[in-house]
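A.B. asks: Chain B: place on chain A using the hints.
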Amino acid sequence: MTKHAMTTSVAMALLLTASSPAYAYLDAGTGSIMIQAIFGSIAGAMLFGRAYIAKVKAFFTRSKSSTSSDVE
Amino acid sequence: MSAIQVDQGSFRDPSGRVFHLGQRILRTVMPSAGEAYSALRDSETLKFLVDRGWLLPATEVAQDALAGVEDGAAYVLEHPRIPYISYPYEWSFSLLRAAALLQLDMHLEALERGFTLSDSTAYNVQFNGPEPVFIDHLSLRPYREGEVWTGHRQFCMQFLNPLVLWSKLGMEPNHWFRGNLEGISPEDTARLLPLSKRLNMTLLSHITMQAALQNRSVAKPIKAGRHRTTSLPKSAFKGMLMQLRNYIAGLEAPGGTTVWGDYAHNTSYSSLQAVEKAEFVKEMVASVKPQVLFDLGCNSGDYSVASLEAGAQKVIGFDFDHGALELAYARAKADKLDFLPLWLDAANPSPSQGWGQGERKGLQERANAEALVALAFIHHIVIGRNVRLDMCLDWLIGLAPAGVIEFPSKSDPMVQTLLSQREDIFTDYTEENFCRLIAKRARIVKQKHLGEGGRLLIWYDRR
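Residue numbers (our numbering), protein chains in the order written: chain A, 704 to 775; chain B, 138 to 600.
Only chain A is shown next, with the shape it has when bound in the complex (with noise of 0.2 Å):
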């Protein structure tokens, strides 16, 4: 998930490159804006993929710590 939303940061970065301002005076910082959005939503893929991960582990470790404590 993280993975795939860098690739397309990259993706992004590389293709929208040649461009020639034009007033620049008026605009402070869409890019500083645009540029959070996208770890905005980064973020939020990597706390998605990070429950969903918690789930999985959870799901095994539950079953494997039982199957450890009757080795025991």
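One should not assume that every hint holds.
Stated by the list, open to error - Pair by pair, the computed Cβ-Cβ distance ranges are: (1) Ala757(A) with Met308(B): 39 to 47 Å; (2) Ala356(B) with Ser744(A): 35 to 43 Å; (3) Asn265(B) with Ser744(A): 40 to 48 Å; (4) Ser744(A) with Gln200(B): 54 to 62 Å; (5) Thr367(B) with Ile756(A): 23 to 31 Å.
To be verified - Sample of chain A residues lacking proximity to chain B, with all beta carbon distances greater than 10 Å (derived): (6) Ile745; (7) Ala746; (8) Gly752; (9) Ala754; (10) Tyr755; (11) Lys758; (12) Val759; (13) Lys760; (14) Ala761; (15) Phe762; (16) Phe763; (17) Thr764.
Quick caveat, the hints were computed from the structure, so don't treat them as lab data.
Note that CB positions come from ideal geometry on N, CA and C, so glycine has one too.
C.D. replies: Just chain B, lined up with the frame of chain A:
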């Protein structure tokens, strides 16, 4: 008796201004910022940051302390005076990095406590010796869930980009930063970074991508207000700050830690002449007892340290060479000295500039030293930069009422080196003329030759 003056650099934020009342520094907190300030105070965040040494102390004084000058303030704060104000374009790599890390550490701590910084300007950081301190209490305000980092682009322009150009490409950004007080844009930085340096997540996102998105949005303007809906989760906000913190903490000055980090300072002076020179400086300092002393051409700080030992309260060192400044910084930091080494081109010092040409003050306007030392300095200006000896002495003696100036004659090896590549047009550069010119401008308290036919030291006093 003492007149109240508004600080000319304090006007961008309508939530308050700074005033000079004689030696006192007062700050108004206007009603629009009253709640933000009282929240900061009542949550003990203010106290926490001050106790850490990150934020300049503030005490509340009578609300009408500035009555008639700035009426209607919700609070008036008093701050200790910073003895010498410096600007980011006068900082060495290590100073700029220390200021960047302070901004980020403070912001992370503030977020933890429910506050944020409303901007990221480097001019909000000042130095006490080599230690940075944040001076703008009104930049701290309560954090609103999901808000974006408004100071992000500013942080990149004033800290990240100059540090990256410096560390990765060996470009000293001082001249450029001085030309554009807002710093260096991601668009310009992206144009300069070679592909090999871009393959890093931090640089890719904060420089390359930001620049690309900025260029695109400028080329195709997006409807006003569209991005106001952008929201940044707090975890992502902290993540950005942490990412920048880790990256910047790992940046090294050009030359690397091996050159500057292993600096083992040697307190014993290298030669008998250096010992004599230190003694001469110490005698002047012990007599003048300066609060602030300027060390012009401070190098790694040998005579700054001698001045501190002799009783100078604070030394501001100046040098043109960034390698020397890194050594001086390492020494000030290791020995906890009240010594701030700054970058200066003495033939072209910082001017008064910014809005109304008063926002950032020139070197001359900030010159508050009671004493100066200019050792191994004058020949670089007179012979190296073609400044007449009398003009050079006007400038030096004008900077501080007392001090020590060293004169190496034309037979000196250093002067010989300077002269080796050029015609000797410096007929006024003689020891007799030097003495005569000083005597016209000040009293010669003492003079001494370092060894037989060696350099001449003159202690002058024009008070």
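A.B. asks: Are the hints correct? Go through all of them and say.
C.D. replies: Status of each hint after checking the structure:
1. Ala757(A) with Met308(B): 39 to 47 Å: Holds, at about 46 Å.
2. Ala356(B) with Ser744(A): 35 to 43 Å: Check failed, 23 Å falls outside 35 to 43 Å.
3. Asn265(B) with Ser744(A): 40 to 48 Å: Holds, since Asn265(B) and Ser744(A) (Cβ atoms, about 41 Å apart) stay within the stated range.
4. Ser744(A) with Gln200(B): 54 to 62 Å: This hint is violated: roughly 46 Å between Cβ atoms.
5. Thr367(B) with Ile756(A): 23 to 31 Å: Hint holds: Cβ distance 27 Å, inside 23 to 31 Å.
6. Ile745: violated, 7 Å
7. Ala746: Ala746(A) not clear of chain B: closest Cβ-Cβ about 3 Å, inside 10 Å.
8. Gly752: Check passes; 13 Å lies beyond 10 Å.
9. Ala754: holds, 13 Å
10. Tyr755: About 16 Å separates Tyr755(A) from the closest Cβ of chain B, which puts it past 10 Å; holds.
11. Lys758: Holds, since 19 Å exceeds 10 Å.
12. Val759: The claim stands: Val759(A) keeps its Cβ more than 10 Å from every Cβ of chain B (closest is about 21 Å).
13. Lys760: About 20 Å separates Lys760(A) from the closest Cβ of chain B, which puts it past 10 Å; holds.
14. Ala761: holds, 21 Å
15. Phe762: Holds, because the least Cβ-Cβ distance between Phe762(A) and chain B comes to about 25 Å, which exceeds 10 Å.
16. Phe763: The assertion about Phe763(A) holds, with a minimum of 26 Å to chain B.
17. Thr764: holds, 24 Å
Of the numbered hints stated above, those contradicted by the structure are hints 2, 4, 6 and 7, listed in ascending order.
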